[in-house]
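Participant: Protein chains in written order, with the numbering used here: chain H, 1 to 149; chain V, 1 to 149; chain P, 1 to 85; chain S, 1 to 85.
Calculated from the structure, these hints are not laboratory results. Please note that the accuracy of each hint is not assured.
[Said to hold, decoys possible] Only pairs whose alpha carbons sit at most 25 Å apart, straight line, appear in this in silico SDA-like list of lysine to any residue:
| no. | chain 1 | residue 1 | chain 2 | residue 2 |
| --- | --- | --- | --- | --- |
| 1 | V | Lys2 | H | Asp11 |
| 2 | P | Lys47 | P | Val5 |
| 3 | S | Lys47 | H | Val135 |
[To be verified] So the derived label-pair ranges between C-beta atoms look like this:
| no. | chain 1 | residue 1 | chain 2 | residue 2 | range |
| --- | --- | --- | --- | --- | --- |
| 4 | P | Ala32 | V | Arg70 | 29 to 39 Å |
| 5 | H | Ser62 | S | Pro69 | 18 to 28 Å |
| 6 | V | His101 | H | Gly13 | 17 to 27 Å |
| 7 | P | Arg39 | V | Thr46 | 31 to 41 Å |
| 8 | V | Met89 | P | Val21 | 35 to 45 Å |
| 9 | V | Thr46 | P | Glu18 | 23 to 33 Å |
| 10 | S | Val21 | H | Ala8 | 30 to 40 Å |
Using N, Cα and C, we set each Cβ at its ideal position, and we do this for glycine too.
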Amino acid sequence: MKILIQEADFDAGAELAALGAGSATVGGIACFVGRVRDLNESQGVTGLFLEHYPAMTTRALSEIMEAASRRWQVQDATVIHRVGHLKPMDQIVFVGVASCHRGDAFAACEFIMDYLKTRAPFWKKETTRDGEHWVDARASDESAAERWK
Amino acid sequence: MKILIQEADFDAGAELAALGAGSATVGGIACFVGRVRDLNESQGVTGLFLEHYPAMTTRALSEIMEAASRRWQVQDATVIHRVGHLKPMDQIVFVGVASCHRGDAFAACEFIMDYLKTRAPFWKKETTRDGEHWVDARASDESAAERWK
Amino acid sequence: MKVRVLYFARLREAVGMETEVIELPGDKSSIAALLDLLRMRGGVWGKEAAVDSGNRLAVNQQLAGMITPLQDGDEVAIFPPVTGG
Amino acid sequence: MKVRVLYFARLREAVGMETEVIELPGDKSSIAALLDLLRMRGGVWGKEAAVDSGNRLAVNQQLAGMITPLQDGDEVAIFPPVTGG
Numbered sequence: 001m002k003i004l005i006q007e008a009d010f011d012a013g014a015e016l017a018a019l020g021a022g023s024a025t026v027g028g029i030a031c032f033v034g035r036v037r038d039l040n041e042s043q044g045v046t047g048l049f050l051e052h053y054p055a056m057t058t059r060a061l062s063e064i065m066e067a068a069s070r071r072w073q074v075q076d077a078t079v080i081h082r083v084g085h086l087k088p089m090d091q092i093v094f095v096g097v098a099s100c101h102r103g104d105a106f107a108a109c110e111f112i113m114d115y116l117k118t119r120a121p122f123w124k125k126e127t128t129r130d131g132e133h134w135v136d137a138r139a140s141d142e143s144a145a146e147r148w149k
Numbered sequence: 001m002k003i004l005i006q007e008a009d010f011d012a013g014a015e016l017a018a019l020g021a022g023s024a025t026v027g028g029i030a031c032f033v034g035r036v037r038d039l040n041e042s043q044g045v046t047g048l049f050l051e052h053y054p055a056m057t058t059r060a061l062s063e064i065m066e067a068a069s070r071r072w073q074v075q076d077a078t079v080i081h082r083v084g085h086l087k088p089m090d091q092i093v094f095v096g097v098a099s100c101h102r103g104d105a106f107a108a109c110e111f112i113m114d115y116l117k118t119r120a121p122f123w124k125k126e127t128t129r130d131g132e133h134w135v136d137a138r139a140s141d142e143s144a145a146e147r148w149k
Numbered sequence: 001m002k003v004r005v006l007y008f009a010r011l012r013e014a015v016g017m018e019t020e021v022i023e024l025p026g027d028k029s030s031i032a033a034l035l036d037l038l039r040m041r042g043g044v045w046g047k048e049a050a051v052d053s054g055n056r057l058a059v060n061q062q063l064a065g066m067i068t069p070l071q072d073g074d075e076v077a078i079f080p081p082v083t084g085g
Numbered sequence: 001m002k003v004r005v006l007y008f009a010r011l012r013e014a015v016g017m018e019t020e021v022i023e024l025p026g027d028k029s030s031i032a033a034l035l036d037l038l039r040m041r042g043g044v045w046g047k048e049a050a051v052d053s054g055n056r057l058a059v060n061q062q063l064a065g066m067i068t069p070l071q072d073g074d075e076v077a078i079f080p081p082v083t084g085g
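Bound conformation, chain H alone (with noise of 0.2 Å):
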């Protein structure tokens, strides 16, 4: 398992290529690459401010990721989160789940993303032409989340 919280991008591949890497019983990895968009909120989003709460961030995700590797099977798993100032089209989250069944893989990848979006403390607010707002929570994401219950 390897969590990393950093202002700094990261080489999904490199990642990909990690997970699981010398075992010949993983049978595939599924990963998810979560990326800036323009527009969310507001259109014509120019940056991204990334809040989170540092004594809290790693343990919420470790326990997420401990609660996927107890309902599906895990072989390996990684999650990024980047804080800071980003952009759009820059890439902000990466989470990937090596698994000897294809179906878990898919599974504790999504679910991850889904507990993260509604259970890891982080906090985005957004720069567009008419100033700086923080960012709503959806409530498509928090459904997103109970559907795993």
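Since chain H is already given, all that's left is putting chains V, P and S on it; use the hints.
Facilitator: Just chains V, P and S now, kept in the frame of chain H:
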């Protein structure tokens, strides 16, 4: 949309980066990378031979990707499948989907994998210490595809 | 009328050939008629061309069922359930 | 007893501080008692520390509910619903 059938290995990181590149409306990319395991039907798999039906393969994959695009928001998609001789831990398949919505990216990616497994004309022959044998289709793959109906 | 028939994977090895051209009576035919003709060869064909063989079919590179009509020049592929990915 | 309270994101800006130490009466307390005390400050606190503010809570870095007990030295975080990923 990009479909490649090739003997050569592929660079999953480069494929991920290329998906939806230059589009600031892409919110996320879901991808799956399949690897050759050293246990499948038999223990101690030392090699795998992938046969396909060249005239049909690209067409079948294209139809599967189009079906995914009709059902979900797909901004870009890539499928790469290797053929010929592979060995344990080799990459065998890459499926990546870029979408404005995370849920759509995950669903379309898993749908394409499930349909590829049951509708695209590839056949695996395993080599073990005891010789070679053609891999039997698995009922679990068929039921994975059936659940999308 | 003539159709080209292709065999793949385990089936290709079982029947000992990759492809052949088969002449069918009349101007129009069907998958069922083709399989009838193949079964009459006996040997492995009796099992491999059986309706319940488990083998899959494609006509002109598209998955097809038993009642699919055939025309002169069609490409028919017969193969075991696929196992890619 | 004392607890450290942290505020994040929109809430941090609304209350104009990142963190403070708050003294609560007695040896044991609760999230509900802490919020009561914050609301009594009036102004933005009336809304932000309301039971139905929509803000979330964590005690010692774990998500917590209103009835969570508090002990001396606990770290309490109050923040809007998260929006990462």
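Participant: Next step is simple, just say for each hint if it's right about the structure.
Facilitator: Hint-by-hint comparison with the structure:
{"no.": "1", "hint": "V:Lys2 / H:Asp11", "in the structure": "22 Å, holds"}
{"no.": "2", "hint": "P:Lys47 / P:Val5", "in the structure": "17 Å, holds"}
{"no.": "3", "hint": "S:Lys47 / H:Val135", "in the structure": "19 Å, holds"}
{"no.": "4", "hint": "P:Ala32 / V:Arg70: 29 to 39 Å", "in the structure": "32 Å, holds"}
{"no.": "5", "hint": "H:Ser62 / S:Pro69: 18 to 28 Å", "in the structure": "24 Å, holds"}
{"no.": "6", "hint": "V:His101 / H:Gly13: 17 to 27 Å", "in the structure": "24 Å, holds"}
{"no.": "7", "hint": "P:Arg39 / V:Thr46: 31 to 41 Å", "in the structure": "37 Å, holds"}
{"no.": "8", "hint": "V:Met89 / P:Val21: 35 to 45 Å", "in the structure": "42 Å, holds"}
{"no.": "9", "hint": "V:Thr46 / P:Glu18: 23 to 33 Å", "in the structure": "26 Å, holds"}
{"no.": "10", "hint": "S:Val21 / H:Ala8: 30 to 40 Å", "in the structure": "33 Å, holds"}
In summary, this structure violates none of the numbered hints.
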